[in-house]
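Undergrad: Here's the letter readout for the chains.
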Amino acid sequence: MSDVIRRVLGPEGPEIGCDECFEKLDRYVEVELAGDDPDAAVPGMSAHLEGCPACSEEHDSLVALLRSPPTGGL
Amino acid sequence: MSEEAFDWVAALSAGGHEQEDATRRLHELLLRAARFEVRRRRTSLDSAVDVDQLAADAAHDALMAVTAKLDTFRGDSRFTTWAYKFALLEASVKVRRRAWREREVALEPDAWTRIPNMEAGPAASAESGELMAALRDAIRDDLTPHQRLVLVSVTLDGVPIDVLAERLDSTRGAVCKTLHDARRSLRMRLAEKGFDIEPTREEAAA
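Chains as they are written, first to last, in the numbering used here: chain U, 101 to 174; chain Y, 6 to 211.
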């Protein structure tokens with residue numbers, strides 16, 4: 101399948117929407133960074149990230165931020 | 006809910022000096038996250054853009070959002086991870102909208118007709134050409150004008166979904182659903198016509 105067709109048709113597999121993606125992004129990223137299976141924790145998230153550049157950017161940013169030097173809490 | 010998360014929620018709900026102090030610390034974290042995001046996306050912005058102000062605005066809006074949604078936090082992650090995503094969202098949306106402020110978003114009803122031309126060339130196989138023609142027919146026959154507009158803008162023109170939502174006076178969630186529904190319709194039509202388009206698992210189960 102060509103790149104154009106792939107972009108138009110989007111990812112295979114069940115896919116959550118942008119709103120649910122944002123709602124569950126924190127959990128997904130923590131599971132991912134812990135080395136566990138994030139798509140088992142949040143089914144449909146990886147397919148959505150594959151087909152939604154904006155949500156993918158925000159996912160990548162949260163991963164990068166959490167990998168950056170830590171800050172204090174309360 | 007972890008002890009860290011419980012402490013944050015309790016402090017942000019405590020009232021008085023404890024709440025003020027927690028809110029100040031939260032704002033510092035959100036500002037750090039917003040600056041982090043704006044720096045990552047800086048190359049997409051004109052050099053005249055005040056990125057510090059952009060980050061400050063994003064941190065402020067994120068603080069408002071976190072405060073308003075505090076009672077929805079269920080403790081599925083660390084509190085700081087949950088809060089960070091609001092700052093990253095506000096910052097990334099502001100950067101994308103600023104980057105696209107001067108760019109035209111062609112909201113043309115017939116823009117989809119450009120699709121076949123994008124595949125033209127000697128490398129395109131006959132099979133690919135047939136699939137492209139069927140895709141073009143499905144876009145024309147099975148999608149609404151609004152679905153066509155969203156599909157082409159996001160998938161071919163690269164318009165960020167939140168920028169498109171703003172131009173359409175809609176929401177990101179609504180535009181996302183339109184895109185999802187359009188893609189599902191196209192996949193189903195192509196599968197009906199015998200093309201080897203793997204159905205999604207939810208379509209296969211239906």
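Please note: incorrect hints may appear among the correct ones.
[As the list claims (entries may be wrong)] Computed spacing ranges between beta-carbons, pair by pair:
hint, chain 1, residue 1, chain 2, residue 2, range
1, Y, Ser-49, U, Asp-103, 16 to 26 Å
2, U, Pro-143, Y, Gly-80, 45 to 55 Å
3, U, Ala-134, Y, Ala-138, 17 to 27 Å
4, U, Val-163, Y, Asp-12, 37 to 47 Å
5, U, Asp-103, Y, Arg-29, 26 to 36 Å
6, Y, Pro-150, U, Asp-103, 41 to 51 Å
7, U, Pro-114, Y, Ser-52, 15 to 25 Å
8, Y, Glu-23, U, Asp-137, 21 to 31 Å
9, U, Ala-134, Y, Asp-142, 40 to 50 Å
10, Y, Glu-135, U, Ala-134, 40 to 50 Å
[What the hints assert, rightly or not] To spell it out: a stretch of chain U is covered by chain Y in this simulated footprint if at least three of its residues, at any positions, have a beta carbon under 8 Å from a beta carbon of chain Y; those stretches are:
hint, segment
11, 107-118
12, 123-137
13, 157-166
Derived from the structure by calculation, the hints contain no laboratory data. Just so it is clear, the structure is predicted and the values come from calculations on it, not from any experiment. Backbone N, C-alpha and C fix where the C-beta goes; we use that ideal spot for every residue, glycine too.
Undergrad: Work down the list of hints and note, for each, if the structure agrees.
TA: Against the structure, the hints:
For Y:Ser-49 paired with U:Asp-103, a C-beta distance near 22 Å keeps the hint of 16 to 26 Å intact. For U:Pro-143 and Y:Gly-80, the hinted distance range of 45 to 55 Å is not satisfied, since their beta carbons lie about 20 Å from each other. Remark: the range hint 17 to 27 Å for U:Ala-134 to Y:Ala-138 is contradicted by a beta-carbon distance near 47 Å. Remark: the range hint 37 to 47 Å for U:Val-163 to Y:Asp-12 is contradicted by a beta-carbon distance near 25 Å.
U:Asp-103 and Y:Arg-29 have their C-beta atoms about 48 Å apart, which leaves the hinted 26 to 36 Å range violated. Between Y:Pro-150 and U:Asp-103, the C-beta spacing of about 25 Å breaks the proposed range 41 to 51 Å. Checking the proposed 15 to 25 Å range against U:Pro-114 and Y:Ser-52 shows it is violated: the Cβ atoms sit about 43 Å from each other. For the pair Y:Glu-23 and U:Asp-137, the supplied restraint of 21 to 31 Å is violated, since their beta-carbon distance comes to about 39 Å.
The hint said 40 to 50 Å for the Cβ distance between U:Ala-134 and Y:Asp-142, and at roughly 46 Å that hint holds. At roughly 46 Å, the beta-carbon separation of Y:Glu-135 and U:Ala-134 lies within the given 40 to 50 Å, and the hint holds. For the segment 107-118 of chain U, the proposed coverage by chain Y is satisfied: 10 residues have a C-beta within less than 8 Å of a C-beta in that chain, meeting the threshold of three. For the segment 123-137 of chain U, the proposed coverage by chain Y is satisfied: 6 residues have a C-beta within less than 8 Å of a C-beta in that chain, meeting the threshold of three.
Here's how the segment 157-166 of chain U fares: 7 of its residues keep a CB closer than 8 Å to some CB of chain Y, so the rule of at least three is met and the hint holds.
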